[in-house]
Amino acid sequence: DAKTTQPPSMDCAEGRAANLPCNHSTISGNEYVYWYRQIHSQGPQYIIHGLKNNETNEMASLIITEDRKSSTLILPHATLRDTAVYYCIVRVVSNQFYFGTGTSLTVIP
Amino acid sequence: SQTIHQWPATLVQPVGSPLSLECTVEGTSNPNLYWYRQAAGRGLQLLFYSVGIGQISSEVPQNLSASRPQDRQFILSSKKLLLSDSGFYLCAWTEPGRINEKLFFGSGTQLSVL
Numbered sequence: 052d053a054k055t056t057q058p059p060s061m062d063c064a065e066g067r068a069a070n071l072p073c074n075h076s077t078i079s080g081n082e083y084v085y086w087y088r089q090i091h092s093q094g095p096q097y098i099i100h101g102l103k104n105n106e107t108n109e110m111a112s113l114i115i116t117e118d119r120k121s122s123t124l125i126l127p128h129a130t131l132r133d134t135a136v137y138y139c140i141v142r143v144v145s146n147q148f149y150f151g152t153g154t155s156l157t158v159i160p
Numbered sequence: 030s031q032t033i034h035q036w037p038a039t040l041v042q043p044v045g046s047p048l049s050l051e052c053t054v055e056g057t058s059n060p061n062l063y064w065y066r067q068a069a070g071r072g073l074q075l076l077f078y079s080v081g082i083g084q085i086s087s088e089v090p091q092n093l094s095a096s097r098p099q100d101r102q103f104i105l106s107s108k109k110l111l112l113s114d115s116g117f118y119l120c121a122w123t124e125p126g127r128i129n130e131k132l133f134f135g136s137g138t139q140l141s142v143l
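Taken in sequence, the protein lines are chains A and B.
The first sequence begins at 52 in the numbering used here and counts up by one.
The second sequence begins at 30 in the numbering used here and counts up by one.
Errors might be hidden in some of the hints.
Facing chain B, from chain A, some residues (calculated, C-beta under 8 Å) [stated by the list, open to error]:
#1 63
#2 81
#3 83
#4 95
#5 97
#6 100
#7 146
#8 147
#9 148
#10 150
#11 151
#12 152
#13 153
#14 157
List time: in silico SDA-like cross-link candidates among lysine to any residue, alpha-carbon distance up to 25 Å [claimed, not checked]:
#15 A/54 with B/89
#16 B/131 with A/114
#17 A/103 with B/124
#18 A/54 with B/131
#19 B/131 with B/98
#20 A/103 with B/127
#21 A/54 with A/99
#22 B/131 with A/101
#23 A/103 with A/132
#24 A/103 with B/125
#25 B/131 with A/146
#26 B/131 with A/132
#27 B/131 with A/92
#28 A/103 with B/130
#29 A/54 with B/130
#30 B/108 with B/87
#31 A/120 with B/131
#32 B/131 with A/105
#33 B/131 with A/149
#34 B/108 with B/40
#35 A/120 with A/81
#36 B/131 with A/81
Reference listing, derived: stretches of chain B covered by chain A, where coverage requires no fewer than 3 residues with Cβ under 8 Å from a Cβ of chain A [as the list claims (entries may be wrong)]:
#37 49 to 62
#38 72 to 83
#39 115 to 128
#40 131 to 141
Read the hints as simulated data drawn from the structure, not as lab findings.
As the structure is a computational prediction, the values presented were derived from the model and not from experiment.
Backbone N, C-alpha and C define an ideal beta-carbon position, used for all residues, glycine too.
One chain only, chain A, in its complex shape (with noise of 0.2 Å):
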């Protein structure tokens, strides 16, 4: 059911900008695409969204490609914090946000 891809690890230095990509090269025009993260045993924590320009906030910038085919979640000065698993999702038009398996992302020291 998910729409999206994404590499199924990644490791990023403390310190350096994190980039983790998506393929959601199914998506509709009016379908949103939002990024989560959860740390083991929580519920996933809403990082960021966008529908075709790039978005920043004061966590995360999300770049998405003029086809929207792809996007690029950047936490620009990844801390051991940020170790989690990152969820990029398409928001279909009736409601339902589908998770994929999502990147693990372990920042080293």
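With chain A fixed as given, assemble chain B onto it according to the hints.
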């Protein structure tokens, strides 16, 4: 402000026993409500979602059912638990009416069926 409450935090149940997990949302009206399940080491699977009282949509055939007896209450149930029902269950909600609202999660219930 809006809050979501989910309980219990952990639950150990024998195979064949019934299940009832409850979720309530405060500070909003007519929210969209969701139940997700996460098996160990896996992603989140959407089980049920509801856009109003008594309106339940099921995503996958399974041993579980959901009910929404009140506007801000969502209940996940089973008459007889299976070993495969073990997992981390999460309730979530969004504001209704717009397609760019955020999904907010409860703290989850870790269910172990033995």
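Quick rundown of the hints versus the structure:
no. : hint             : in the structure
1   : 63               : violated, 21 Å
2   : 81               : holds, 7 Å
3   : 83               : holds, 5 Å
4   : 95               : holds, 5 Å
5   : 97               : holds, 5 Å
6   : 100              : holds, 7 Å
7   : 146              : holds, 5 Å
8   : 147              : holds, 6 Å
9   : 148              : holds, 5 Å
10  : 150              : holds, 4 Å
11  : 151              : holds, 6 Å
12  : 152              : holds, 4 Å
13  : 153              : holds, 6 Å
14  : 157              : violated, 15 Å
15  : A/54 with B/89   : holds, 16 Å
16  : B/131 with A/114 : holds, 18 Å
17  : A/103 with B/124 : holds, 22 Å
18  : A/54 with B/131  : holds, 18 Å
19  : B/131 with B/98  : holds, 24 Å
20  : A/103 with B/127 : holds, 17 Å
21  : A/54 with A/99   : holds, 18 Å
22  : B/131 with A/101 : holds, 11 Å
23  : A/103 with A/132 : violated, 29 Å
24  : A/103 with B/125 : holds, 22 Å
25  : B/131 with A/146 : holds, 11 Å
26  : B/131 with A/132 : holds, 22 Å
27  : B/131 with A/92  : holds, 20 Å
28  : A/103 with B/130 : holds, 16 Å
29  : A/54 with B/130  : holds, 18 Å
30  : B/108 with B/87  : holds, 17 Å
31  : A/120 with B/131 : holds, 21 Å
32  : B/131 with A/105 : holds, 17 Å
33  : B/131 with A/149 : holds, 13 Å
34  : B/108 with B/40  : holds, 16 Å
35  : A/120 with A/81  : holds, 13 Å
36  : B/131 with A/81  : holds, 15 Å
37  : 49 to 62         : violated (count 1)
38  : 72 to 83         : holds (count 6)
39  : 115 to 128       : holds (count 5)
40  : 131 to 141       : holds (count 8)
Checked against the numbered hints given earlier, this structure breaks hints 1, 14, 23, 37; the rest are met.
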